[in-house]
Amino acid sequence: MKRVIALTLILAPTVSWADPTMAPEPLSYTQLPDPAQEAAAQALMQTIRCVVCQGQSIADSDADLAGDMRALVRQKIAAGEKPEAIRAWLIQRYGRWVSYRPPVDAVTWPLWAAPILLLAVGGLLARSAFRRRRT
Amino acid sequence: MIAEAGLAALWIAAMLAALQAFLGLGSLKAGGEELLRAVRPVAVAQAVMTLGAFAALMWLFYSTDLSVELVAEDSASTVPTLYRIAGTWGNHEGSMLLWVTILAIAGAAVALLERRLPERTLAATIAAQGVIALGFFAFLLFSSNPFARLDIAPAEGNGFNPLLQDPGLAFHPPTLYVGYVGLSVAFSFAVGALLTRDVGPAFAKAMRPWVLGAWVFLTLGITAGSYWAYYELGWGGWWFWDPTENASLMPWLAATALLHSVTVLATRDGLRAWTVMLAVVAFSMSMVGTFLVRSGILTSVHAFALDPKRGAFILVLLALYIGGALALFGARIATVAEGNRFDPVSREGALVINNLLLSVILALVLIGTLYPLAAESMTGEKLSVGPPYFNATAGPLALILVAVMAAGPAMRWRRDEIVAVARRIAIPAALTVIALVAILLLAPGLRILPLLGLTLAAGVAAASVAPLWKRNLRRTPLFTWGMVMAHLGAAVSLAGMASESAFTKETLIAARPGETVSVGPYAIRFAAVDPVPGQNFTAVQATLIATRGSADPITLTPAQRTFDNPPQTTSESAIATRWDGQLYTVVGEPVPGGRWQLRLWWKPFVTLIWLGGALIAIGGALSLLGRSLPRRKVVAESTGFARFG
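Taken in sequence, the protein lines are chains C and W.
The numbering of the first sequence is this note's numbering, which starts it at 1 and goes up by one.
The numbering of the second sequence is this note's numbering, which starts it at 136 and goes up by one.
Honestly, the hints are just simulated from the structure, not real lab data.
For glycine and all other residues, C-beta sits at the position ideal for the given N, C-alpha and C.
Treat each hint with caution, since some may be false.
To be verified - Below, a list of computed lysine-lysine pairs in the BS3-like style, where the Cα atoms sit at most 30 Å apart:
| # | chain 1 | residue 1 | chain 2 | residue 2 |
| --- | --- | --- | --- | --- |
| 1 | W | Lys517 | C | Lys82 |
| 2 | C | Lys76 | W | Lys517 |
| 3 | W | Lys164 | W | Lys340 |
| 4 | W | Lys640 | C | Lys82 |
| 5 | W | Lys444 | W | Lys517 |
| 6 | W | Lys640 | C | Lys76 |
| 7 | W | Lys605 | W | Lys340 |
Said to hold, decoys possible - Each pair of labels, with its calculated beta carbon distance range:
| # | chain 1 | residue 1 | chain 2 | residue 2 | range |
| --- | --- | --- | --- | --- | --- |
| 8 | W | Ser653 | C | Gln37 | 14 to 24 Å |
| 9 | W | Pro668 | C | Ala36 | 43 to 53 Å |
| 10 | W | Ala165 | C | Gly123 | 43 to 53 Å |
| 11 | W | Asn700 | C | Gln54 | 16 to 26 Å |
| 12 | C | Pro33 | W | Gly580 | 16 to 26 Å |
| 13 | W | Leu453 | C | Pro33 | 31 to 41 Å |
| 14 | W | Gly580 | C | Ala106 | 31 to 41 Å |
| 15 | W | Glu254 | C | Ala106 | 51 to 61 Å |
| 16 | C | Pro103 | W | Phe277 | 35 to 45 Å |
Only chain C is shown next, with the shape it has when bound in the complex (with noise of 0.2 Å):
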């Protein structure tokens, strides 16, 4: 709960800044005029977790509360902020939790270095199914 009432105050500016003729959050349901930063948006909030959802993208959510924070990160996008500046201010504002791409630090590096380890173990073990090339 108090994960909600912290985002409704974050997001409490984007709700005044649209206009009251128009939607609510005219930028939760509509694309930004650039295809290019529509583009940028969409990668984005692809990788950004609907907080209220089970294990749903904001990018695939009915949650009014997706819908919001798709509207910030388009409004972010068109002022010209880079996506990874905006993800790390939305981290910094809900956790780690809110991100689907796990960050690479103290915590998360064996995730990152699974695939190589996993590799090097498994092609060892393959090696002693082999038999020794005669030529």
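Assemble chain W onto chain C, guided by the hints.
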């Protein structure tokens, strides 16, 4: 009365499972041959009893007996008939009963149909099946009783989750469960073979059809589940790397690896220990998946905390079964010789690479799914591991796997020459290069994964049919057809995924009725919005008329459904399928100013994703037929399929 009969049947089945385990294990001792004859009928009786319990629960749901707690919680008399029946497995207790029912049927099927396995190994296998069943019966009876009665029956039930009220979801869980639980047979085979120290080609040939059968159902279940998520969730995504999806993908990856290693064991008597290990791992992944989904530990920590008994119970079962099987493996495997070794450049070599890559992908999915739990217990902070991680790590490995799939069938068993293999796959390789150049010219600026995906799909599609080249098609064995079909399916599916990712066009807009908007090649006129009544919901339905060039206009009617019991709104997407893709439309909430939110997508060749899945399943079914029908020629297998070129 029905509920009590169902519960009694469940207890009797549990006792029969215990008897089955006792008789099976007893028959392994010297002088225990007498017990052997009783094992098969007991396994069948256990299945009949479990099926009886399941039928009882189905009847309670069908007739909406609200004095039963489960029915009152998860159904209502107003729910349509199909979903009253499907509601049987649309909840925790019912789906666990379905799980156990399929487990019992699988055990009975082994008892009735298996003729190739030596008697002693068969008895040990059926005993293992009984031991597994026993644990899950205990789980049902002690912590998830589906037949519990309420003291006072309510006047009406709580209703059925509207999101699950869809024909796709009515049939998808049973299909997936047959796959999950079907793998228990491979697990029991492995345990049986370890107990009798009898791991060899005969064991592999006996196990293969069972693995194939389970794998076909898993493939169908995952494909159908993906399509369900695609049209039901209403955002055009078809795979979310959600823990529930990962839970179904992990057994599939293990079973796919097993399917290939069992062939090496059957044909060349190699990879003995590894194949047994995979058989244990495959069903272990089914159980891990069941634990993850049923305990709710990943989607919501609260669901787990609310009923810690259930989560802990399954966790103990997991530890017992997986730990027990691995301990047996450790104790016995030293007495099982590793089997024939082989040259790295050979069919076996390619299959080992296949197994290596599939195992690494499996490990990555498992690690990625569980890592948030580990991280939270270490730091106390919640962490998400989602699509960006899985796509970046498993994606490239999957592409390499697909490339190996093109070369593997072109290699000979035992030993081959690189130059000879290169010559045999020259045409597909040339096609790959042509595809790469064509795509770079026609659609510049693609991201690397979709680009490689499209390119490889073209080459692999050609390579997958190459084993039929210059062969008498009528005399080609069914299992070769199966392999060709399944590999072609993988290429087709890959093409669909890459195309969807690269070429999807999206339009999100708030529009007034009468306006025309465009998405991809389509102009879409928003003709009207109307209220439409349903049996247990009211809907607001939009009428969209889509035109492309001079083709006949398509009318689509996406809707918003509002259910009142339980209160919930769902978006019903409307999808038009054309040969070159799908037009996907959703109507959302009304917006001030008489406008409605419309979500429109044009997804070129997206259908190939599921068409490929279906081809893979058909390939598996053909192989299964080819492996289980009486054989005319035994020669084909020892010489391999590599006779072309």
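Status of the hints after comparison with the structure:
1. W:Lys517 with C:Lys82: Roughly 25 Å separates the two Cα atoms, so the pair holds.
2. C:Lys76 with W:Lys517: holds, 25 Å
3. W:Lys164 with W:Lys340: It holds: about 26 Å lies between the C-alpha atoms, which stays within 30 Å.
4. W:Lys640 with C:Lys82: Holds, because 23 Å separates the two Cα atoms, which is no more than 30 Å.
5. W:Lys444 with W:Lys517: holds, 23 Å
6. W:Lys640 with C:Lys76: holds, 23 Å
7. W:Lys605 with W:Lys340: holds, 28 Å
8. W:Ser653 with C:Gln37: 14 to 24 Å: holds, 19 Å
9. W:Pro668 with C:Ala36: 43 to 53 Å: About 45 Å separates the Cβ atoms of Pro668 (chain W) and Ala36 (chain C), which means 43 to 53 Å holds.
10. W:Ala165 with C:Gly123: 43 to 53 Å: holds, 45 Å
11. W:Asn700 with C:Gln54: 16 to 26 Å: Holds, at about 21 Å.
12. C:Pro33 with W:Gly580: 16 to 26 Å: holds, 20 Å
13. W:Leu453 with C:Pro33: 31 to 41 Å: Violated, at about 53 Å.
14. W:Gly580 with C:Ala106: 31 to 41 Å: holds, 37 Å
15. W:Glu254 with C:Ala106: 51 to 61 Å: Roughly 57 Å apart at Cβ, these two residues keep to the hinted range, so it holds.
16. C:Pro103 with W:Phe277: 35 to 45 Å: For Phe277 (chain W) against Pro103 (chain C), whose Cβ atoms are near 43 Å apart, the range 35 to 45 Å holds.
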